[in-house]
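So the sequences go chain by chain: A and B. So the first sequence is numbered by my numbering: it starts at 8 and just counts up by one. So the second sequence is numbered by my numbering: it starts at 8 and just counts up by one.
FYI, nobody ran anything at the bench for these hints, they're computed from the structure. Check before you lean on any hint, since a few could be wrong.
Since copy identity is lost for identical chains, a pair holds within one copy or between any two.
Unchecked claim - Here are the simulated DSSO-like pairs of lysine-lysine, each with C-alpha atoms no more than 30 Å apart in a straight line:
| id | residue 1 | residue 2 |
| --- | --- | --- |
| 1 | Lys204 | Lys796 |
| 2 | Lys796 | Lys812 |
| 3 | Lys675 | Lys812 |
| 4 | Lys793 | Lys561 |
| 5 | Lys256 | Lys322 |
| 6 | Lys800 | Lys702 |
| 7 | Lys655 | Lys675 |
There are 2 protein chains.
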Amino acid sequence: MTHWSEWSLIYESFHPEQEKLRESLCTLGNGYFATRGTGHEARVDNIHYPGTYLAGCYNRLRTEIAGRVVENEDFVNMPNWLPLNVRIDDGPWFSLHTADIVSYRQELDLKRGVLMRSVRFRDDQGRQTTLTSRRLVHRREPHVAALEMTLIAENWSGCVTIHSALDGRVTNAGVERYRNLNNQHLECLEAEVLDQKSLFLKVQTTQSKISVAEAATTRLFQMGQPLKVDWRTIQETGYVALEGAVDLKKGESISIEKVLALYSSRDHAISECGLEAQTAISRAARFSALLRSHSEAWNQLWQRFDMDFEEEPHKGNRKASLVLRLHIFHLLQVCSPHTMDLDVGAPARGLHGEAYRGHIFWDEIFIFPFLNFRMPEITRSLLMYRFRRLPEAQRAAQEAGYQGAMYPWQSGSTGREESQTLHLNPQSGRWIPDNSHWQRHVNAAIAYDIWQYYQVTGDMEFLCFYGAEMFLNIAHFLASIATFNSDLNRYEILGVMGPDEYHDAYPDNLGSACSHPAINNNAYTNLMAVWVLWRALEILELLPDDWRQHLCDKLDLRQEEIDVWEKISRNMRIVFHDDGIISQFEDYNRLQEFQWETYRERYGDIQRLDRILEAEGDSPNRYKVSKQADVLMLFYLFSSEELSALFKRLGYVFDDNMIPRNIDYYMKRTSHGSTLSRVVQSWVLARANRQGAWKLFAEALESDISDIQGGTTGEGIHLGAMAGTVDLIQRCFTGIEMRDDVLCVNPLLPEGLRRLQLRLHYRGHSLDLEITCRAVIVRALPCGAKPIKIGFKGHVHELAACETKEFNL
Amino acid sequence: MTHWSEWSLIYESFHPEQEKLRESLCTLGNGYFATRGTGHEARVDNIHYPGTYLAGCYNRLRTEIAGRVVENEDFVNMPNWLPLNVRIDDGPWFSLHTADIVSYRQELDLKRGVLMRSVRFRDDQGRQTTLTSRRLVHRREPHVAALEMTLIAENWSGCVTIHSALDGRVTNAGVERYRNLNNQHLECLEAEVLDQKSLFLKVQTTQSKISVAEAATTRLFQMGQPLKVDWRTIQETGYVALEGAVDLKKGESISIEKVLALYSSRDHAISECGLEAQTAISRAARFSALLRSHSEAWNQLWQRFDMDFEEEPHKGNRKASLVLRLHIFHLLQVCSPHTMDLDVGAPARGLHGEAYRGHIFWDEIFIFPFLNFRMPEITRSLLMYRFRRLPEAQRAAQEAGYQGAMYPWQSGSTGREESQTLHLNPQSGRWIPDNSHWQRHVNAAIAYDIWQYYQVTGDMEFLCFYGAEMFLNIAHFLASIATFNSDLNRYEILGVMGPDEYHDAYPDNLGSACSHPAINNNAYTNLMAVWVLWRALEILELLPDDWRQHLCDKLDLRQEEIDVWEKISRNMRIVFHDDGIISQFEDYNRLQEFQWETYRERYGDIQRLDRILEAEGDSPNRYKVSKQADVLMLFYLFSSEELSALFKRLGYVFDDNMIPRNIDYYMKRTSHGSTLSRVVQSWVLARANRQGAWKLFAEALESDISDIQGGTTGEGIHLGAMAGTVDLIQRCFTGIEMRDDVLCVNPLLPEGLRRLQLRLHYRGHSLDLEITCRAVIVRALPCGAKPIKIGFKGHVHELAACETKEFNL
C-alpha cells in the first residue's frame with residue numbers, strides 16, 4: 008500500500024514481488040465468485056493468476072508424491088474472464104512486466120467496490136500510451152461482472168489490436184507448496200463465439216462434475232459512440248477469444264467494455280447454466296449503468312455494515328478506519344446476500360487464495376458474531392451449511408464409537424473430514440503426521456454460533472427446525488466423549504487437541520492416561536463442553552413439548568442421558584496449576600519453559616515455532632509454548648459474569664482477579680503463530696489494560712495488510728482475524744452481550760478511541776449505538792417490532808421502537 | 008378402492024382400467040421423488056409407468072405438431088428403479104395382465120407410508136405362486152427407497168429367475184393428449200453393474216443437463232439367511248439389470264430385497280451425485296431396519312399433521328378420516344421436510360402425474376395455510392421458491408410496461424411464464440388460444456401467503472430479508488396495472504382474467520373499455536389488490552426504518568407512489584349489480600343466463616362446460632357461468648369482519664346479509680369445472696348453511712379418490728383441492744383467523760361433526776385445540792416461547808405456555 012484514504016487502498020508503484028499480496032488484498036467478488044488480480048486483465052498470459060474461485064465448489068483428488076498418497080479436496084478456480092489486452096501495430100502485447108512503466112496507480116475503492124488502475128507506459132519506439140481500467144463484480148446482480156478499459160494514444164497514431172478472451176485452462180497454482188498436487192480442476196465442454204460477437208465458455212469440474220458457464224460481450228466505444236469492429240475468432244481447447252483492430256489518431260482514446268455473465272449448475276431458479284449465462288448477457292446493461300447500480304448496492308450494504316469512530320488525537324491509529332473497512336469489505340466478498348442461497352461455508356482464507364484449499368474450519372466463531380448483528384440471515388445460511396452436513400457428522404461420530412454428531416475439523420463439499428493426515432514442513436522439507444483433526448472443539452464453536460444467532464434474532468422457527476437438532480447432536484457427542492474418573496469424581500475429556508495446534512501429544516517423559524497420542528483435559532474443550540451441555544438443557548426447555556419429544560426420539564436420546572448431561576455440566580474436570588492458573592491441559596505445568604529470547608535471537612520471526620522446532624528435531628510438545636493460547640479463548644468468548652457462573656456450576660473457585668493473572672501467564676508463552684491470537688489477546692486485555700488492548704488491536708489490524716506472516720496473505724486472507732478485529736470494535740469495546748433475552752451493554756473504549764458509533768440489528772429492530780467515554784446512547788429506529796430489553800450495570804430497561812436511552816458511564 | 012380402514016386404502020381386485028387412478032392414489036414419495044405404480048414392480052415392461060418424478064426438475068422443449076410449435080417446460084420422470092420380476096423355469100415373466108390371478112390385494116398404509124401388495128396366481132402348468140411386496144420411499148433418509156418381494160412356491164418345485172433393473176429409458180407418456188409432444192427427457196451417461204452386484208445408472212436431462220444417479224442392491228434371503236446368487240449382467244442403452252436363478256422346493260419361499268439410493272446434481276452437500284449414490288447404497292441398512300426407521304419417521308410426521316374428529320352418528324361421512332389422511336399423505340409426498348432445502352414449488356398436480364407438466368400455479372393459496380399451522384418451515388421454503396424467481400417476475404413486469412414484479416400464471420424452473428398459448432380441446436380436437444396467463448391474481452395469492460406465514464411465525468427475519476421485498480414488488484405491480492377512471496373517480500384494473508377461466512373476453516355484443524381481449528374490473532382481482540396495497544402499507548410500518556428505506560431505494564419506490572397505493576386502496580372500483588351482488592367483473596350482469604338443465608340433460612357431466620361449448624362453436628364468455636365462482640373466493644379468504652373493513656375502506660356499503668345472497672347467486676351459476684370450486688363453496692357455506700357445507704365438503708373429499716373429473720386423477724392428483732379439504736377442517740370449521748397478532752377462534756362445526764381436535768404450531772408454541780358443539784379449549788404445551796394472544800368473540804386473552812383456556816360457545 009503506497010497510501011490510503013478512509014475508503015481507498017492505493018498503490019502508486021508497481022513491484023512485481025508484491026504482486027500476490029496486492030492481488031489478495033484487492034480481490035473483488037461477491038461471495039459467489041471472487042476476482043483476484045490487479046494489472047492482469049491487461050496480460051494475455053495470466054494463467055498463473057486465474058483469479059476466480061467458485062464458492063463451495065470442490066474437486067476431490069488423489070495425488071502421489073514421493074510414494075505418499077495425498078488425498079485432498081480442493082476448491083476450484085473458475086475460468087478466467089479477465090484477459091483483455093491491447094497492442095499497437097505489430098508491437099508486443101502489453102505486459103506490466105516488460106513494458107517501460109512511466110507511472111502506475113491502482114486504487115481499490117471500498118465504498119463503491121471498484122478496482123481502478125491507470126498505467127502510463129512507453130514502448131521502444133517512444134510511443135506513450137495510458138491504459139486505465141475499472142472493474143467490478145456486481146453487488147446487486149450476482150451473476151454479472153464488468154471491466155472497462157480506456158486507452159489513450161498520447162503521442163502516436165496507429166492501429167490498436169484488442170484481444171478479449173475467456174480462459175478455462177486455469178489450474179490451482181497459487182500456493183507454491185501445493186504445486187506438486189493435482190491441480191487441474193476443469194475440463195472444457197464448450198468454447199465458442201456466439202453470433203460472431205459474444206464469447207461463450209462452458210466447463211465442468213473434473214471430479215465433482217459441476218458445470219460453470221461464462222458468456223461475455225466485448226464492445227468498443229469512441230467519444231461515447233459504439234465502434235464497429237470486425238472480430239476474428241480464436242479458439243483453442245478451453246480458450247476462446249476475439250481479436251479486432253481499430254485505427255487511432257494521436258491524442259484519441261477508445262474504451263473497451265467487457266461484461267460477463269456467470270452461472271453454475273448449482274444455481275437455483277435456472278434451467279441450464281449455459282442458457283442462463285447467454286440470456287443474462289443479452290440483457291446486461293452497459294458499464295456505466297452497471298457501475299451506477301453496483302455503487303448504489305454497495306452504498307446500501309455499507310449503511311448496514313460500516314462502523315464510525317473518532318480516535319483520540321495522538322493516540323489513534325490513523326489508518327484503523329480504512330483497515331477495518333478493508334476487513335469488512337473482504338468479509339462481504341466471502342459471505343454476503345449473494346451467498347445466502349448457496350450451500351457454502353466461510354473458508355478460513357476467504358475466496359482469496361488456495362491455502363487450506365478452501366476448507367471450512369472453526370473460524371465462524373470469529374466471523375458470525377459480527378455478521379449476526381448486521382445481517383443475521385447470512386449467519387442463518389452459513390448455519391444451514393452445517394445443518395446439511397449433520398448426517399455426515401453423525402456418521403463420523405458413529406464410526407468413531409461416539410454418539411450424536413462429530414463435525415470435522417476441516418470440511419468441504421460433503422462434510423466429511425478433509426484434514427490432511429500429513430503436512431509438509433517447508434522449513435525441514437519433511438512430511439509430518441498431522442493430527443489436527445483431533446480438534447473436537449469445532450463442535451462447540453458451531454453450537455456457540457447457533458446460540459448467538461438465536462439470541463440476536465429470537466428466531467424460534469430456526470431453532471425448532473434446524474438449530475436445536477444440531478445443538479443437541481453436538482451436546483450428545485460431547486457428552487459421549489466425556490469419561491467418568493471415579494478417583495476424582497469428575498468427568499474428563501481425554502485424547503483431543505485444543506485450538507493451540509502446538510500440542511498434539513505428551514512428550515516422552517510424561518505419562519499419559521490416554522491410549523492415543525493427544526492431550527487430556529484441554530481446559531478450552533472441557534469448559535466449552537460444559538457450556539454446550541448446560542445450554543442444551545435450556546434449549547430442551549425452550550422447545551415446545553412435542554417438538555422436544557420428537558427430537559429426542561429422532562436422536563435416540565433418553566432422559567437418563569439428559570440426566571448425565573446435567574451431571575457432566577456440573578462435574579467436568581478443569582485442571583489448575585500455580586494457584587489459579589487454568590492449565591491449558593492436564594500436566595501442562597510439567598512441560599519445560601521455553602527459551603524465548605534464545606530463539607528470537609536465533610530466528611527473528613518465531614511465529615511458526617512448530618516448524619522451527621521440528622526442523623531442529625525438537626517439538627513444541629515439550630514446552631510451555633502456544634501458537635495461540637487457548638485458555639485465553641475462554642475470556643474472549645465469555646464475560647467474567649458468564650465464566651463465574653460456569654466455574655461456580657462446576658464447584659471451582661473463580662474470582663475476577665484470576666483473569667488478569669491467567670492473561671499474563673499465557674501472553675508470555677504465546678508465539679502468535681495464528682493470526683487469531685492477537686485478536687483474542689487484544690480482547691482479553693480490553694478490560695484490564697486499555698493501552699495494551701489498543702496496541703494488540705493495532706497489530707491485529709496489520710495481519711493481512713502488511714502480510715505479517717511473511718507471504719501467507721497472498722495465499723488467501725485470514726478471514727477469522729479480519730472479522731475478529733471488526734468484532735473487537737463491535738462487541739468487545741462496547742461490551743455487548745446477550746443474556747436471558749437481554750442485550751447488555753458495558754462499554755470501555757480502548758485508549759485510542761474517543762467515540763464509537765454502530766448500527767445493530769437485534770430482534771427485528773435497528774439500533775443506533777453511540778459510545779463516548781462518558782455515556783452510551785441506544786436509539787431504536789421506528790419499526791413494528793416488540794420492545795426489547797437493554798441491560799446496563801445490572802439493571803434491565805425496556806426499549807421500544809423510536810425510543811432512546813442514555814446511560815452515563 | 009375396494010374398502011378402507013382409518014389408515015388404509017385397500018384394493019382387493021385388479022382392474023386394468025383402474026390402473027392409472029390406483030397408481031396416482033398410491034404414489035409413494037417424499038417430495039424428493041415420488042414413486043407411482045402398484046403392481047408394476049413385477050413387470051419388466053413397465054416403461055409406460057416410469058413412476059418417479061424429480062421435484063423441480065424440468066426440460067424446456069419445442070415440438071411441432073400439425074404445423075404449430077408448442078413450447079413447453081416439462082417435468083422429468085426419473086429412471087425407474089422398480090423393475091423386479093420373476094419367472095419360473097422357462098415360463099413367462101410374471102405380468103398382472105397375462106397371469107391367471109387367483110387373488111389380489113393391495114394396501115396403501117398411510118400410517119407407515121408403505122405400499123403392500125399380494126398376488127396369488129396360477130400359470131398354465133397349474134403352478135400356484137404367491138408374490139407379496141412391500142415398498143417404501145424412506146421418510147427419514149431422503150435419498151433411499153426400498154422394495155421387498157416375497158415369493159412362495161405353493162405347489163411346485165423349480166427354478167426361479169429374478170430380474171432386477173434400473174431403467175433410464177423412461178419417457179413422459181402418462182397424459183394421452185401430450186403424447187405427440189416431445190417426451191424424451193433423459194440421456195444415459197453411465198449404466199453399469201458395480202462389483203458384480205450393485206446396479207448403477209446415471210442419466211442427464213436432455214436440455215437442463217441435470218444429472219441423476221441411482222445405485223441399487225438386490226439381495227436374496229431364505230429363512231432370514233442370505234442366499235448366494237450368481238448374477239448375470241444385462242446391459243442395454245439406458246438400462247442395466249442383474250439376472251440370477253435359485254432353486255426352490257414346494258412350499259418354500261424366498262425374499263428379494265432391492266434398496267435404492269438416489270442423488271441428483273441439484274442436491275446440496277454432495278461432491279458428485281454418482282459417488283454419493285454409491286456411498287449411500289454401501290451404507291444402507293436392510294429392508295426391515297429401513298422399514299422400522301421409516302415407520303418411526305412417519306409416526307412423528309403424523310403427530311404433527313394428523314387431525315382427530317368424532318362424527319355425529321348417522322350424519323357423518325364415515326370415510327372422511329381416511330380421505331383427509333390420504334390428502335395429508337399426498338400433500339406430504341409433494342411438500343415435506345425433504346423438500347425444504349430444494350428449490351421447488353408445489354405443483355398443481357403434485358408429483359403424481361404429468362398433467363400441467365409439473366407447473367406451479369396459484370394453488371399455494373389453498374395449500375400453504377394448512378402447512379403454516381403444522382410446519383411453517385415448509386411454507387418458508389416454498390416462499391423462497393418464489394423469492395428466487397423475483398428477478399424474472401420483475402423483468403416480466405418491466406417488459407409488459409408495468410412496475411414491481413409480475414409473477415407468471417404458470418411457473419417452472421426459471422420463473423418465466425410457462426402457460427401454453429394454445430391448448431387442445433379433446434372434445435373438439437381443436438387447438439384453442441389460451442389466455443390463462445392474464446390471471447394476474449396469482450400475485451395476490453403469493454402476497455397473501457407471505458402474510459399468513461408471517462402471522463403464524465412472527466418471523467421478522469424472513470419478512471426483512473425476503474417477504475417484504477416480494478410483497479412490496481407485488482404491491483408495486485398491482486398499483487401499476489390500476490388505472491384511474493376520472494369519470495367515476497375510481498381506480499380500475501382492466502384487461503385481466505379472474506380465477507374463473509370460463510371468461511377470457513367479452514362476447515361480441517358487449518363493448519369493452521379495454522383494447523385487449525380480457526375482462527375488466529374482476530372483483531376478486533380488484534379486492535385482492537386493495538388488500539395487498541393496504542397490507543403493504545402496514546409492512547412498510549413494520550420494517551425498521553433503515554430497512555424500509557433500503558427496500559424503497561432498491562425498488563425505486565418513492566413516497567408519491569406509496570401515497571398512490573393508499574389512494575388506490577381506498578378508491579378501487581368494485582362493480583355491483585342486482586342490488587348487492589358483487590359482479591364477477593364489469594358488465595357481468597349483461598351476460599345471458601345459461602340453460603343449465605338443457606345442458607345437464609344433453610351432456611350429463613358438464614363440469615367442463617368450456618370444452619362442451621367450444622365444441623358447439625359457442626363460448627362460456629356469453630353466459631353467466633363459472634368454472635369456479637371467483638367472487639366466492641373472497642368469502643373463502645376473508646372473514647366477514649375483514650371483508651367489511653375492506654369494503655368500508657373503499658366506501659362501499661357491505662353488510663353481513665350480502666354474503667348469503669352472493670353465495671346463493673353464484674352457487675347457482677357454477678359448473679364446478681375446477682376441483683377447487685367445491686372446497687371454496689363448502690367454506691363459504693359453513694357459517695350460513697351447516698348442512699350444505701357438510702354436503703359440499705363430502706363431495707370435495709371425493710374429488711380424487713373417486714376421480715370425479717373422469718380420469719384426471721390418473722394424470723396427477725389435485726393438490727389444491729386435497730389441501731383445501733384439510734384446511735376446511737383446520738381453519739374453516741374452527742374459525743381460526745390471525746388478526747393484529749391475535750389468534751382468533753370462532754368455531755362452528757358442520758352438521759356431520761361432533762368433536763374436533765387439532766395440534767397447531769403458532770409463534771413457537773404447540774397448541775392443542777379441542778372443539779365441541781359447546782366449547783372450545785386451547786391448551787399451550789410447555790415451552791419457552793413468549794405468551795400469545797387468543798381472540799374469542801371480540802375479547803383478547805393472553806395464553807402462556809402450559810396454560811389452558813376454555814371458551815363456551
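Here is how each hint holds up against the structure:
1. Lys204 <-> Lys796: neither (60 Å within a copy, 63 Å between copies)
2. Lys796 <-> Lys812: Both, since 11 Å and 29 Å are each at most 30 Å.
3. Lys675 <-> Lys812: Neither. Shortest intra-copy (41 Å) and inter-copy (63 Å) distances fail the 30 Å Cα cut-off.
4. Lys793 <-> Lys561: between (34 Å within a copy, 26 Å between copies)
5. Lys256 <-> Lys322: This pair counts as neither: shortest intra-copy Cα distance 55 Å, inter-copy 95 Å.
6. Lys800 <-> Lys702: within (27 Å within a copy, 65 Å between copies)
7. Lys655 <-> Lys675: within (28 Å within a copy, 75 Å between copies)
The structure is inconsistent with the numbered hints 1, 3, 5, although it conforms to all the rest.
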